[in-house]
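Trainee: So the protein sequences, as listed, match chains A and B.
Residues in the first sequence are numbered consecutively from 0, following numbering that gives the first Met the number 0.
Residues in the second sequence are numbered consecutively from 0, following numbering that gives the first Met the number 0.
FYI, nobody ran anything at the bench for these hints, they're computed from the structure.
Please note that the accuracy of each hint is not assured.
[Stated by the list, open to error] List time: in silico DSBU-like cross-link candidates among lysine-lysine, alpha-carbon distance up to 30 Å:
#1 B/K721 <-> B/K800
#2 B/K626 <-> A/K211
#3 B/K626 <-> B/K776
#4 B/K813 <-> A/K213
#5 B/K597 <-> B/K657
#6 A/K152 <-> B/K657
#7 A/K173 <-> B/K813
#8 B/K776 <-> A/K213
#9 B/K776 <-> B/K706
#10 B/K657 <-> B/K626
#11 A/K286 <-> B/K540
#12 A/K173 <-> B/K657
#13 B/K227 <-> A/K286
#14 B/K403 <-> B/K311
#15 A/K173 <-> B/K800
#16 A/K296 <-> A/K159
[To be verified] Coverage of chain A stretches by chain B, computed from C-beta distances (three or more under 8 Å per stretch; other residues unrestricted):
#17 194–201
#18 214–223
[To be verified] Listed below are several chain B residues computed to face chain A (Cβ distance under 7 Å; list not exhaustive):
#19 Q267
#20 R268
#21 I350
#22 R357
#23 P779
#24 F782
Every residue gets a Cβ at the ideal spot worked out from N, C-alpha and C, and that includes glycine.
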Amino acid sequence: MICRYLLIYLIVTVIGLWNGSPNPLATSGFAEESVYLKNGQFQKGKLISQTDTALTFEYVKSGATDAVQVPIPWDSIDHIEFSRSTQLLEALAKPDAVDLHALAQLWIMAAPWISRPNSPAAEIGLVYASRLAMSDGEETVAEALDLFGTIAKSAWQPEKQAAGLRGRLTTLLKAGREREAVREAEAIAQARENPALLLESKLILAANAFEKLKMLEHDHPRWELDNEVRPERYLYFNTAIDHSLYAYLFFGSEEEAAATGLLHAAEVYRFAGDQGKAKLCAGDILKLYPNSAVAPKAAAFLGETPSKSN
Amino acid sequence: MYLSTQNLITPPNHLNSVVLFWIFLTLVQVVVFSQEPVPEPGAFTAEELITKANAAYTSRNFELAESLFLAFERDFSGEPQVKEVIEKNYALIALCKIINGRSDEAAPYIEKALPDPKLPGDIREELTFWNAILKLQAGEYRAAQEVLGAFFQEKSFNYQRRLEALILFGTCYVLEGYHKTAAEFFEQQIPNLYKAKGGAGFASRAVVLQMVAEIEAHQYDRALALLKREFPKLKEMTQLVSFQTLALQLGSHFMEQGDFYAAIACLQRIWPRERLLKHQNEKLAELRRVHDSMKGDPSQSSALFQIDGTIKRIERELENFEKIKEFDGALRLRLAMSFQGLERYREAALIMEDMLERMELSPVVESASLAVIQCWSQLERWPKAVEAAEKYLLAFGDQAENPKLPQVLFMQGDAMMQLQQNDQAEKVFASLASRFPQHALAEKASFMKGFCQMLQDHYPEAIQTFDQLIAGAAGDSDIAEDAFYWKGMSHSFSQQYEKAFEQMDQYLAKYPGESAKYRAEAVFRKAYSTFCQANYPAAIKELRQFLVDHGPGAKDRDEAQLLLGDALLGEGEADAGIAAYQAINPASHRFFEDGYFKTGQAYKLLGEIPAMRDHYEKFLREYPESKKMPEAVYWIGWTHVQAGDFEIAKKVYWDTIKLHGDNPALFSIEELLMGLPKIYKRQGPDGIGELVRALQSMYLQADREKKTTLAVRTLWADAMIKRGAAKLSEASALLIRLSTLIDPEVHNPQIVADVADVLTEKGDYDRAVVLYRDLRKWNPTSFHKARAFKGLGLIAEAQQKPAEAIDHYLDYEKEAAASTDLVEISLKRIKLQIQSGAAPKARQDLNGLLENPVASTRHKAEILSLLGEDYAAQGDYLKATAYFERVYVVYGKYKDLVAKAYYRRGEMIEKIGDKSSAYEVYAELVARNDLAEFKEYRLGRTKADQLKEFARPKPETEPGKDTKP
């Protein structure tokens, strides 16, 4: 098989069927992508399919009218320049203006190339998944979760992988599946030795618990008297604090994440009326992370916070 | 503080020896070979010998070369013509000795060789470098530094080796004990090393050396600054294991000194053991790859020499580091203890909890596991404390010799008690006492077991446990005294007053004097027991003695006053009784109010009506916010009614309502309003009409004066009177008017519930739901909360939301266990569960309801029907038939249920396949004309027609006998 690819590659490059300089062929009917080979040659055409070892590419030879399909080993490809149609650009610029079906179409076309550098698949995937996640339908949410998961796993850009993970976690949390969200975050972080994802997920979980705490206290302003609500309130409060402190306690050298978590913990404590502990958390930021981005906020927080605990 | 420093593992003291070892390793890193024999004198001529020596050197046979050069010197040193050759050989002999691992013998030859101005540059460089090293080895640090300084300045020498010389120059300061100078030297040089080409590795070594120097010089803050500065470059560091081990040492120092923030800053910058090993091994593999690629290239000999040294250093460091099995535990425990030092128990507990999750079992993890239970207990996060204890027991509970197990079990039991899981706590304490009978906590655990039994109202078991303790414990033990007293209390709680008296009497005899722990309580309990046995004369004596012995402020004093008043009144000593009540401290809220109202009743019994009226009027003035305020108004009114003064009686009510009626906090006003009809009814048939007019008038006035709460109350009272008079539509109309006025945040939840119920009846679900939710929101302790759950359940059911309805009904059942509506709502819930196929406990619940004394006969018929449906749903048709049959046999008056039961029984029998019997059931249903209005009757008739062919022939009757009575 490899010999066959090599032979075709030789024919394509040595015999000179491909352009040696930027002089693309105008081929009507194709969504034109440009494939650049490592030897400097390139060709415009259509990406048909791919395997682990080769790309099937369709293009029109110079002077010919019919398109041909050729397999090109990935080893010989330097990069692909993916075209961005007007529809795609519009969808990325104003996702709410495009209907869900059109987003689905764009995603289906782009999805196979999500792992290939320069592919816009993750970008359109994120837009589509976010729209799906806003739905109340169980199946649609499940589809959004799958899609975020694919992006988190396969996107060629690390930042899009992180966005995929963020989307998946927030969608799981919105669906009330906290335990699943925590497990996933930990598994991904462990697999990649990348604490940033784990820490971000912990902050998302903390924020989620804090929101629930606020909502609960809004719905039950006299929660302290309520035997049924009180345990739930403490659960949200403790979860919010514990997750907020995670980076500080376990990845204390990740200064920004640790300080951000501490400030969040301070806010939760302040909301809960424990000004003393709120001040301690904000004070920790100034003592241990004085150069962090949130240090000025911590200083302001301390200025705002009354000196005596409620 | 729960943790003591005993929990710390010993810091890795071998740290400095590790560092010094690799410094030494830098100096001695060549392999020592066995020496070649020196040829016999005269074996060769001078020319032969020097030719052979040079050949051996050139062919890199340094052992042979050394022997031959030395033989040449020995044999021909007296010959002037070869003097110059001998002098030139000194350098080669020195090099051979160094290469052959006998560098200690090289020094005299180096000394002799170096003055030669014709010495080739590469050999001079080699010898100068080794000259320095040999001086270093000999402890001549100043001399070594002079040579190294000169070496570094010599620009013709190999650049990498010059950097090595710079590092060794600083190392001399460290070895000589000039730590401050060393630290300062490296502080200055490290930036230059980072900038130098290929200097990163040297910088990394310099950082480690500076860290050693800073710590040795007790410049801990500078060491921390160095750690913070270099931490971001940790991944690139060659000797990161050394650096991180030093950081742990530094963190430990700060922690022991109580500088917890500095300790945290250090300890946070240390990687876990596995990560350190992984990165250090990767670094080592990379160095080995480079080393292998340079091998055999003479031009790389200097770099090879340096890399070889580094590899050996790292190998040695790794070997030592791998021996520290509890590195992570030591690190985490120190971090946790630093947070604990700051009294940040949550942070400490979270870290230690994580240790248990991630680390292999070890003594450090065991200590941390214990500490984490203590921390959660300190924070009163009892569920966490129980969970932590369970984890500890799972991990270390099977170690029979573990001395901490009893402590853990005790803490677990204690946490369970705090969670009111007294049954579980009892088991844990019992387990502790039986597994560790000799342990110091065993007796206390037995006592706690008895206490848990008492808290569960299991008094006979508690008394038995306390008895066993009393019998087994040492007479003077605290636990025996506790058991003695609480045995008496268990008798008292179980209303065995005679036994309680005896036990307390024995307690006082056994523990005489003021040192007895429960002396006052026991004396009071004796008097209480006497009172409860209605032996008032004795009770009066004992209570008086108690009050004499226990002055104002003493525990139980106010209750004793109340009992004394009761006993005196019981003996007819009214004045003394009243005096006893009046001595109760108003601060003891409950006893004071009880005494106050009992005094009022005493005046009533004595016929002292004016005194009674004054008494209650005083209460009204002084305690208007009391929940007993309406009762006081009632009794004031009663005194006027007794005197025939209805108008004055009414005025008392209205004056109070006018005065306090707009205060939303006084929910007792509603009670007062509900007391009015009793007064007005006494006036005859027009009384209620007058009351309604008065209420409406007050409503209008309140509305004008924007006294919303008073307006709400009067309108509601009007509605309640109309409801009482069966004017339901008028009552509903008034309540619906109220829906725009009430504020659930402040108004009486009873009014809110009444309004919401009416809105539900009228189908205005949206507004009703808002009111029910607000009622729940603002009145979490009100028993009207149950009405909100019920209403929400009814609405959800009406809106075809069965899951939501089930949840609300379940909430109602929890809240309203004693309500008359309980059976009805439970039935609704079970019906929905059966319909939705999710009734895991339906049968159990239904059988429970059957036993409920509140269940009416209609309820019972419904329960039997539902049990039939449940068996039918499970495919047990035969049993289902029995339940349906019971419905129409026993509860014939509920025709709707009877019709359905007939029809369903017929269906069940059909499913069994007995069509003849099924026909008989349908036929019996059709024969019941009183059921003709129900659809099951019509369906039954169709079925009977269909199954007619299966009808059994009628049994023949004996001639002359009538089958009918």
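Trainee: Each hint: holds or not?
Mentor: Status of each hint after checking the structure:
no.	hint	in the structure
1	B/K721 <-> B/K800	34 Å, violated
2	B/K626 <-> A/K211	36 Å, violated
3	B/K626 <-> B/K776	22 Å, holds
4	B/K813 <-> A/K213	26 Å, holds
5	B/K597 <-> B/K657	28 Å, holds
6	A/K152 <-> B/K657	72 Å, violated
7	A/K173 <-> B/K813	29 Å, holds
8	B/K776 <-> A/K213	14 Å, holds
9	B/K776 <-> B/K706	24 Å, holds
10	B/K657 <-> B/K626	17 Å, holds
11	A/K286 <-> B/K540	67 Å, violated
12	A/K173 <-> B/K657	52 Å, violated
13	B/K227 <-> A/K286	13 Å, holds
14	B/K403 <-> B/K311	44 Å, violated
15	A/K173 <-> B/K800	22 Å, holds
16	A/K296 <-> A/K159	29 Å, holds
17	194–201	violated (count 0)
18	214–223	holds (count 5)
19	Q267	3 Å, holds
20	R268	5 Å, holds
21	I350	5 Å, holds
22	R357	10 Å, violated
23	P779	3 Å, holds
24	F782	13 Å, violated
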